[in-house]
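Going down the list, the sequences are from chains F and G. Going by our numbering, the first residue of the first sequence is number 604, and it counts up by one from there. Going by our numbering, the first residue of the second sequence is number 972, and it counts up by one from there.
Treat the hints as calculated values from the structure; they're not laboratory data. Careful, some of the hints might be misleading.
[As the list claims (entries may be wrong)] Looking from chain F toward chain G, a few residues come up when the C-beta cut is under 8 Å (computed):
no., residue
1, ALA795
2, GLY799
3, TYR899
4, PRO903
[Stated by the list, open to error] In silico EDC-like cross-links for lysine to aspartate or glutamate, where the CA-CA straight-line distance does not exceed 20 Å:
no., chain 1, residue 1, chain 2, residue 2
5, F, LYS728, G, ASP1141
6, G, LYS1095, G, GLU1176
7, G, LYS1068, G, ASP1056
8, F, LYS705, F, GLU635
9, F, LYS728, F, GLU632
10, F, LYS796, G, ASP1056
[Said to hold, decoys possible] A short list of chain F residues far from chain G (calculated; beta carbon distances all over 12 Å):
no., residue
11, GLU632
12, ASP657
13, ILE707
14, PRO752
15, LEU753
16, LEU842
Here a beta-carbon is modelled for each residue, glycine too, at the ideal position from N, C-alpha and C.
What follows is each chain in one-letter form.
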Amino acid sequence: MKALRNYLDKIKPNFEKGGKHEKWLSVFESFETFLYVLGDTAPKKGAHIRDAVDLKRVMSVVVIALIPTLLFGMWNVGDNYYQSIGQTDVNLWQSFGYGFIKVIPLVLVSYIAGLGTEFVFVYIKGHEIEEGFLVSGLLIPLIVPVDVPLWMLALATIFSVIFGKEVFGGTGMNVVNPALLTRAFLFFAYPAKMSGDTIWISELSKGEGIVDGFSGATPLANAAAGSLDKLPSTMDMFLGFMPGSIGETSALAILIGAAILLFTGVGSWKIMLSVFIGGITMGLLLNLFATDTNPYMALPWYHHLLLGGFAFGAVFMATDPVTAAQTEKGKWIYGFLIGFIAILVRVLNPAYPEGMMMAILLLNVFSPLIDHYVIQGNIKKRLKRAKAL
Amino acid sequence: MSTKTLKLLSDPLNLNNPITVQVLGICSALAVTVKLEPAVVMSLSVLFVLAFANVIISLLRNTIPSRIRIIVQLVVIAALVIIVDQVLKAYSYEVSKQLSVFVGLIITNCILMGRLEAFALGNKPWPSFLDGVGNAAGYSIILIIVAFFRELFGSGSIWGIQIIPDSFYDFGYVNNGLMILPPMALIIVAIIIWVQRSKTRELIETN
């Protein structure tokens, strides 16, 4: 480690004013601060909080929290594939290896496209590179189907980094979650590759060597079609043995991530909890009004929480500190509405089998409004109290 | 032509563009720009209506009581729009069907009312005519640029002729479905505004 520090110190003069690579200072600084916390975060005198945790360290925690879902997703990709071609005698490592080979290119493309775009903007504007993409870059591959073509993923990532983030002023200024914007772009631009029954399992759309009668439909698609008998068991749903976007299937892996986020204080427990409460409320409401014509409405509420991207969205997407509501009361409203609307879209809108993406994007846009009213309400309350005295 | 009259024509193309600077007439820019052909037809229709409405209002400007001027303007525009609509129905029925209500909605296009109120009511017929042509041209340029990109990437063609070769599709290229949807028109207009502002010093706000 000492050698790395020495090396950085040695090459640093090249990037400072008057050095050979003056223009690359911002890029150099980003790498340096990623590797080391510099000591000059706050002056020694005065009432400042001095803490080594900066934005890069916070982002790293989220990346760590995503690892369980990533690893499980890789295994699940392989497992689904071997099931679809009827091979049952594969061990854990074979499945994982297959998934690893399929998923790693997605991760690489997402990082290269996204960071590349950010570097271009850093170079043009000359400001320091922002670390927001550390997390987005890993979130993006986790919320797409495994078979999505790489060029589409790259295009969508570039689009969302430019129009979701850079035009608003970069990390911390974005209105909507860049990772979800990537998915929304893919969903609307290339619907054939983002929805349907054949895209969730690797190689299934080619249709070679598939077991007769094998269906790659996700549980959500089955539920939307009204065939509730085809759903996996609740335990399978919880553990994630079903087709779906790479990182979203296993509620267990997501819960591990949630525990890491909550333990380190990076994610807001209020948002997570209220998303689930919102989902449960809507699930129960629909149960009350369930009719024979729409069996989907009778789906038990706990299934809703385990299916599709609900848990993943609640833990990793809704809690994004930039796009979520900032006020404490606002967080409850924001989270509740996400869960509520997600299930509403899921069950009652036949065009979209999954509503989580739409619900979070919608509430991202509304969160400043929620904050505004919470703050105004507070001001009014305090004015009243002041007048009463 | 003096520089002043020339300015009437050139200003709306860049510095005072009705869409990118004044942000008027956005609704039709979203609706008719999926393909290039309807966009061009729409542009020509607006050109005709705006130029002649400007002239007519300008001729009448001293006789219109100011309390009922809006209704007079609407009557003039509506009459011209109906002429355009009937001509389109007679001579290019297919395009007229694609444009559907949007030809009729020229009546409510903010650019028209804006020019009539702001220019034709206070100027002589000839400058009013030039102003109408200039503004319609400014509107058309943006419409055509947007339609060009939306058709190219959304349908892979220009003016209905396939541009992107079949080999691309065999290789896995897919037309971008988002381009067909209205939000993309807004994003393309936004990109045009972005490029225009970064190139034109006068448009950059100082604060």
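Here is what the structure says about each hint:
At about 7 Å, the closest approach between the beta carbon of F:ALA795 and any beta carbon in chain G falls short of 8 Å, and the interface hint on this residue holds. About 14 Å separates the beta-carbon of F:GLY799 from the nearest beta-carbon of chain G, more than 8 Å, and the hint is not met. At about 26 Å, the closest approach between the beta carbon of F:TYR899 and any beta carbon in chain G exceeds 8 Å, and the interface hint on this residue is violated. A cut of 8 Å between beta carbons decides the hint on F:PRO903: the least distance to chain G is about 35 Å, and the hint is violated.
A C-alpha spacing of about 39 Å is found between F:LYS728 and G:ASP1141, which places the hinted pair above 20 Å, so the restraint is violated. Distance check on the hinted pair: G:LYS1095 and G:GLU1176 sit about 33 Å apart at the alpha-carbon level, beyond 20 Å; violated. Only pairs whose Cα atoms come within 20 Å are accepted, and G:LYS1068 paired with G:ASP1056 is accepted, the gap being roughly 10 Å. Between the alpha carbons of F:LYS705 and F:GLU635 the distance comes to roughly 32 Å, so the proposed pair goes past 20 Å and is violated.
For the given pair, F:LYS728 sits about 15 Å from F:GLU632 by alpha-carbon distance, which is consistent with the 20 Å threshold. Pair hint F:LYS796 plus G:ASP1056 does not hold up; C-alpha atoms about 40 Å apart against a cutoff of 20 Å. Chain G leaves F:GLU632 outside its interface by the beta-carbon criterion, the shortest separation being 26 Å against a cut-off of 12 Å. Every C-beta of chain G lies more than 12 Å from that of F:ASP657, the closest at about 30 Å, which supports listing it as non-interface.
For F:ILE707, the shortest C-beta to C-beta distance to chain G comes to about 20 Å, beyond the 12 Å cut-off, and the non-interface label holds. Non-interface status of F:PRO752 relative to chain G is broken: a Cβ of that chain comes within 12 Å, the nearest being about 6 Å off. In this structure F:LEU753 is not separated from chain G by more than 12 Å, as the shortest Cβ-Cβ distance comes to only about 10 Å. Distance check on F:LEU842: its Cβ is at least 34 Å (rounded) from any Cβ of chain G, clearing the 12 Å threshold; non-interface status holds.
Hints 2, 3, 4, 5, 6, 8, 10, 14 and 15 from the earlier list are contradicted by this structure; the remaining hints agree with it.
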